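Peer 1: Residues per chain are reported as follows:
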Amino acid sequence: MKDNSRRGFMGKAFGGVAAVGAVASLFAMKKSWDPLPSVKAAGFTTLDMSGYKENELVTEKWRGKPIFVLKYTSEMIAAMDESQKPRIISVGEASYLVTLGLCTHLGCIPSYEKDNKSFLCACHGGTYDIVGNVTKSPPPRALDIPPFTIKGNTLVLGEVGPEYLEMKKNGLTL
Amino acid sequence: MKELLILVVVTVFTLVTYYLVEPFAHKNLHKHVESEAFVYADLPAITKLGDAVRGKDLVMGAGACTGCHSINVAGVAAPMDAVSSAAAYGVNPPDLSNAGVVYDEKFLNALIINPAHTLMVEHTLDESQGEMHPMIPFYGAGGDIDQEVADMVTYLQSIAVSQEELTPPMAFENACGRCHGVKYEQWTQIGTKGSFKHKRDELAFDIDVLDYKDSLKAYMGKLPPDLSMYIRSRGEHYISTLMENPQNYLEGTSMPRVGVSADTAEKVIEYLEDAGDTKRHEREETGKYVMIYIIIFAIFGLLWKKQVWRDLH
Amino acid sequence: MAHFTKATSIKDWLDQRLAIVKVEKVLASEYWIPKNINFLWAMGMILVITFVMLVISGIFLLMYYQPNVDLAFDSVNYTIMREVGYGWLWRHVHGVAASVVFLIIYIHMFTGIYYGSYKKGREMIWISGMLLFIAFSTEAFSGYMLPWGQMSYWAGMVITNLFAGGSLHADGLVEWIRGDYVPAQAFLTRFFMLHVLLVPLAIIGLIGLHFGALRIPHVNNQDGEEIDFDEESKKYLAGDKAGSKVIRFANDFMAKDMMVVGFYLVFFFYLVFYHYGFAMDPVNFDPADGLKTPAHIYPEWYFLWSYEILRPFSTDVGLMAFAFAQGIFVFLPFLDRSPNAIPASRRGLFKYWFWAMLIDMIALTSMGKLPPEGAFSTIGLVAALVFIGLWIALPIITYFEKKA
Numbered sequence: 001m002k003d004n005s006r007r008g009f010m011g012k013a014f015g016g017v018a019a020v021g022a023v024a025s026l027f028a029m030k031k032s033w034d035p036l037p038s039v040k041a042a043g044f045t046t047l048d049m050s051g052y053k054e055n056e057l058v059t060e061k062w063r064g065k066p067i068f069v070l071k072y073t074s075e076m077i078a079a080m081d082e083s084q085k086p087r088i089i090s091v092g093e094a095s096y097l098v099t100l101g102l103c104t105h106l107g108c109i110p111s112y113e114k115d116n117k118s119f120l121c122a123c124h125g126g127t128y129d130i131v132g133n134v135t136k137s138p139p140p141r142a143l144d145i146p147p148f149t150i151k152g153n154t155l156v157l158g159e160v161g162p163e164y165l166e167m168k169k170n171g172l173t174l
Numbered sequence: 001m002k003e004l005l006i007l008v009v010v011t012v013f014t015l016v017t018y019y020l021v022e023p024f025a026h027k028n029l030h031k032h033v034e035s036e037a038f039v040y041a042d043l044p045a046i047t048k049l050g051d052a053v054r055g056k057d058l059v060m061g062a063g064a065c066t067g068c069h070s071i072n073v074a075g076v077a078a079p080m081d082a083v084s085s086a087a088a089y090g091v092n093p094p095d096l097s098n099a100g101v102v103y104d105e106k107f108l109n110a111l112i113i114n115p116a117h118t119l120m121v122e123h124t125l126d127e128s129q130g131e132m133h134p135m136i137p138f139y140g141a142g143g144d145i146d147q148e149v150a151d152m153v154t155y156l157q158s159i160a161v162s163q164e165e166l167t168p169p170m171a172f173e174n175a176c177g178r179c180h181g182v183k184y185e186q187w188t189q190i191g192t193k194g195s196f197k198h199k200r201d202e203l204a205f206d207i208d209v210l211d212y213k214d215s216l217k218a219y220m221g222k223l224p225p226d227l228s229m230y231i232r233s234r235g236e237h238y239i240s241t242l243m244e245n246p247q248n249y250l251e252g253t254s255m256p257r258v259g260v261s262a263d264t265a266e267k268v269i270e271y272l273e274d275a276g277d278t279k280r281h282e283r284e285e286t287g288k289y290v291m292i293y294i295i296i297f298a299i300f301g302l303l304w305k306k307q308v309w310r311d312l313h
Numbered sequence: 001m002a003h004f005t006k007a008t009s010i011k012d013w014l015d016q017r018l019a020i021v022k023v024e025k026v027l028a029s030e031y032w033i034p035k036n037i038n039f040l041w042a043m044g045m046i047l048v049i050t051f052v053m054l055v056i057s058g059i060f061l062l063m064y065y066q067p068n069v070d071l072a073f074d075s076v077n078y079t080i081m082r083e084v085g086y087g088w089l090w091r092h093v094h095g096v097a098a099s100v101v102f103l104i105i106y107i108h109m110f111t112g113i114y115y116g117s118y119k120k121g122r123e124m125i126w127i128s129g130m131l132l133f134i135a136f137s138t139e140a141f142s143g144y145m146l147p148w149g150q151m152s153y154w155a156g157m158v159i160t161n162l163f164a165g166g167s168l169h170a171d172g173l174v175e176w177i178r179g180d181y182v183p184a185q186a187f188l189t190r191f192f193m194l195h196v197l198l199v200p201l202a203i204i205g206l207i208g209l210h211f212g213a214l215r216i217p218h219v220n221n222q223d224g225e226e227i228d229f230d231e232e233s234k235k236y237l238a239g240d241k242a243g244s245k246v247i248r249f250a251n252d253f254m255a256k257d258m259m260v261v262g263f264y265l266v267f268f269f270y271l272v273f274y275h276y277g278f279a280m281d282p283v284n285f286d287p288a289d290g291l292k293t294p295a296h297i298y299p300e301w302y303f304l305w306s307y308e309i310l311r312p313f314s315t316d317v318g319l320m321a322f323a324f325a326q327g328i329f330v331f332l333p334f335l336d337r338s339p340n341a342i343p344a345s346r347r348g349l350f351k352y353w354f355w356a357m358l359i360d361m362i363a364l365t366s367m368g369k370l371p372p373e374g375a376f377s378t379i380g381l382v383a384a385l386v387f388i389g390l391w392i393a394l395p396i397i398t399y400f401e402k403k404a
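Residue numbers (my numbering), protein chains in the order written: chain A, 1 to 174; chain B, 1 to 313; chain C, 1 to 404.
No lab work stands behind these hints, which were simulated from the structure alone.
Computed from a predicted model, the values in this text were never measured in an experiment.
Cβ atoms here follow ideal geometry from the backbone N, Cα and C, with glycine treated the same way.
Among the hints, a few may not be true.
[To be verified] Taking CB as the label site, the calculated pair distances span:
(1) A:S111 / B:E282: 24 to 30 angstroms
(2) A:G21 / C:G239: 37 to 43 angstroms
(3) C:E83 / B:Q307: 42 to 48 angstroms
[Claimed, not checked] Stretches of chain C that chain A covers, calculated by requiring three or more beta carbons in the stretch to come under 8 angstroms of a beta carbon on chain A:
(4) 124–136
(5) 178–185
[To be verified] Looking from chain C toward chain B, a few residues come up when the C-beta cut is under 8 angstroms (computed):
(6) F39
(7) I207
(8) K245
(9) M258
(10) L304
(11) L370
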């Protein structure tokens with residue numbers, strides 16, 4: 001009887017040791033699915049901000065995702081209210097919209113309506129205003145602003161700068 | 001009998017679902033455009049009977065066509081190669097040898113007098129900026145302009161191959177191939193990419209293609225897409241009605257109205273079928289035999305079942 | 001060691017080593033099936049045949065397909081479709097079978113629901129079947145990525161985004177699944193692995209489980225009749241084939257199965273040669289382009305009903321409704337509180353529940369593809385609410401169901 005329970009215990013112990021091995025190999029398997037270092041390293045994009053024309057949307061690429069860059073005209077800025085202004089990104093004298101060009105609903109690319117000065121997502125009909133705030137659902141939040149830092153007249157996407165941190169703290173972006 | 005009723009129920013529900021997710025959904029997702037049968041009803045009717053001899057003089061002389069266009073069949077070479085032409089005009093002007101058969105007669109008449117309007121690209125030209133279509137309108141050579149244009153078109157028709165001799169690649173390359181590549185047919189905007197003995201020759205060709213595409217992209221606003229799989233991605237009806245009037249589907253597009261005749265349009269479709277649905281004849285042929293076989297298979301299955309179940313009832 | 005005698009025949013030689021005579025009895029000639037069944041009971045065999053066709057056509061596609069973002073599209077549309085002898089045939093068989101297999105799965109499922117084939121004793125048949133449904137869905141989705149066309153890319157983008165979990169913002173999880181910030185090389189190769197190895201292995205294992213689950217409770221019949229299989233099989237073996245309520249799996253049941261398979265294959269090959277368009281979305285014949293969203297993004301028809309449940313709500317509620325729809329069918333044997341294992345037509349309110357569920361799922365399916373505007377949007381919302389409502393109502397109406 002005693003022998004049996006001892007054998008039962010050793011069986012469970014063996015099972016426990018095997019489980020440790022299994023969990024350890026799961027860790028390796030999880031790591032194998034992680035993005036590769038080369039993929040991560042390619043995660044920075046530097047934009048020279050001097051080349052953009054006013055009210056002309058340019059789609060850049062960062063981490064394989066489209067990035068909207070729109071240089072505001074002074075009339076556009078004058079027309080903005082207090083909920084819109086904090087989302088402006090200023091580099092040097094000029095002001096820009098810099099956001100991910102992906103609808104926050106399900107990731108389609110909205111198009112810029114030059115005349116209405118708004119963005120329309122054709123997938124489910126969501127719209128955004130000139131600074132990327134939602135004006136018609138289903139999008140749950142404004143267009144995301146990618147992590148950025150300002151270096152002279154350039155903007156480095158993927159690197160977190162103080163202006164970005166400030167925006168994040170104020171809940172302007174995720 | 002009961003099984004038949006069950007079969008009817010299953011079939012009805014299947015067909016209703018099919019109808020809703022396929023024909024009905026697509027009718028709502030995509031705009032339907034009726035074919036206009038390539039009659040170009042908006043363009044003025046032809047009133048004059050042309051004369052090829054007079055037309056030749058005009059094409060070579062006062063019409064100034066050969067300033068930009070080559071006419072290989074008449075021994076007139078292109079003033080510039082394709083890459084330089086694209087750099088100058090945005091796109092390589094077509095060789096006119098077969099223009100008379102590729103394009104509709106009414107369309108050619110109208111095109112010579114007012115290219116931008118006939119091609120439906122006026123909206124892409126900002127006149128305040130002095131933008132003009134690269135093809136200069138023909139203002140007349142002093143006589144009756146309608147007569148002169150009719151003469152030129154008649155001349156172009158006289159030098160062209162007959163409709164029967166026009167092959168699908170000829171039709172496509174002339175009407176579409178200066179803007180659209182077809183990778184699966186080795187077609188580039190500047191011609192067929194053959195095989196090269198030396199890598200450097202191949203690279204030189206590729207660079208020419210890239211240069212051409214850069215000019216084209218600047219001219220059109222975006223690079224016109226490769227059409228290899230368009231017969232599967234868009235289908236015959238779409239391509240055909242798009243050629244008639246690109247604005248039907250792509251409002252504001254810089255793609256011009258192609259202006260082909262109905263016969264040429266069919267040949268363009270055939271070319272695209274050869275590119276993107278190459279094995280269609282084999283598919284139809286094999287399909288027949290497989291269907292005959294599988295019906296025989298089903299009959300034998302039925303007979304076997306009947307035999308096995310005779311004892312069971 | 002066991003005692004072996006000199007074999008009298010090849011069969012005897014094999015029998016001594018593998019007990020093939022016994023195996024044949026257990027699996028075929030003395031595997032007893034009720035006689036009182038209709039052609040809907042042949043859906044299992046049709047699924048097996050379709051799965052075999054998927055495996056065979058898949059093997060030949062696998063020989064030329066290249067899981068590389070730069071080559072995948074051309075390896076399918078140029079190499080396989082234009083160059084490989086009968087490559088187009090394998091592709092069309094594979095594409096059509098992948099779509100038709102879901103039609104048959106749905107018929108199979110609704111047959112089970114109608115005749116109560118998930119009731120006491122048969123729960124594991126139902127649950128293993130639903131696990132197969134999930135495995136087939138994963139297989140279909142991963143396979144849809146492989147041609148790397150516009151729909152592959154954008155369906156991959158939208159579906160993997162679901163794992164961000166709405167307000168949970170589990171972007172790390174999404175990137176982990178993709179192996180990149182967007183669907184790219186790592187994404188394609190891992191879905192390729194899933195499609196050609198891991199998920200097929202799981203499917204084969206689950207098919208084994210599904211078949212195994214049938215043995216003890218036996219196959220149901222179309223009148224919900226309790227059959228004494230021992231008694232009836234004795235009757236059959238004694239020669240009273242006509243009087244017995246059971247038949248052999250082979251050749252009796254098999255002969256009927258294969259007859260239905262024959263008719264099914266006529267329909268199937270008609271689709272393969274003359275009506276394949278529904279299974280191969282035109283949009284996917286445009287190469288993948290991460291910077292250009294197609295005008296309409298919708299999944300293949302068999303996912304539309306659950307996609308539509310996701311759509312009419314705000315992100316978080318939609319995701320919860322979606323998760324609910326995905327999971328709820330598994331629990332059917334426990335949500336149906338009635339012990340009656342009889343056809344729905346004899347089950348009071350459940351009869352209406354069955355047809356309401358079927359029609360509601362068809363409504364969801366059709367709205368899932370249409371643009372979410374105006375009346376379509378409203379119908380979709382109503383159908384989604386009805387779907388949820390029907391599942392909430394199920395335990396209640398079946399609890400009060402009269403015992404048959």
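Peer 1: Should the hint that A:S111 and B:E282 are 24 to 30 angstroms apart at their CB atoms be regarded as holding?
Peer 2: At 42 angstroms between Cβs, range violated.
Peer 1: Please check whether A:G21 and C:G239 have a Cβ separation lying inside 37 to 43 angstroms.
Peer 2: For C:G239 against A:G21, whose Cβ atoms are near 59 angstroms apart, the range 37 to 43 angstroms is violated.
Peer 1: Hint validation: C:I207 versus chain B, beta carbon distance must be below 8 angstroms. Holds or violated?
Peer 2: violated, 23 angstroms
Peer 1: Taking beta carbons only, do three or more residues of the stretch 124–136 of chain C come closer than 8 angstroms to chain A?
Peer 2: violated (count 0)
Peer 1: Quick check on C:F39 please, does its C-beta sit within 8 angstroms of some C-beta on chain B?
Peer 2: holds, 6 angstroms
Peer 1: Interface hint check: C:L370, Cβ to nearest Cβ on chain B, cutoff 8 angstroms. Holds or violated?
Peer 2: With Cβ-Cβ at 5 angstroms, under 8 angstroms, it holds.
Peer 1: Please check whether C:L304 passes as an interface residue: C-beta within 8 angstroms of a C-beta belonging to chain B.
Peer 2: holds, 7 angstroms
Peer 1: Can you tell me whether the CB distance of C:E83 to B:Q307 sits inside 42 to 48 angstroms?
Peer 2: 45 angstroms Cβ-Cβ, so the 42 to 48 angstroms window holds.
Peer 1: Using Cβ atoms only, decide whether C:K245 comes closer than 8 angstroms to chain B, and label the hint accordingly.
Peer 2: Interface hint status for C:K245: violated (11 angstroms vs cutoff 8 angstroms).
Peer 1: Is the shortest C-beta separation between C:M258 and chain B less than 8 angstroms?
Peer 2: holds, 5 angstroms
Peer 1: Check, residue by residue, whether the stretch 178–185 of chain C contains three or more positions whose beta-carbon lies closer than 8 angstroms to a beta-carbon of chain A, and give the verdict.
Peer 2: holds (count 6)
When held up to the earlier numbered hints, the structure conflicts with 1, 2, 4, 7, 8 and fits the remainder.
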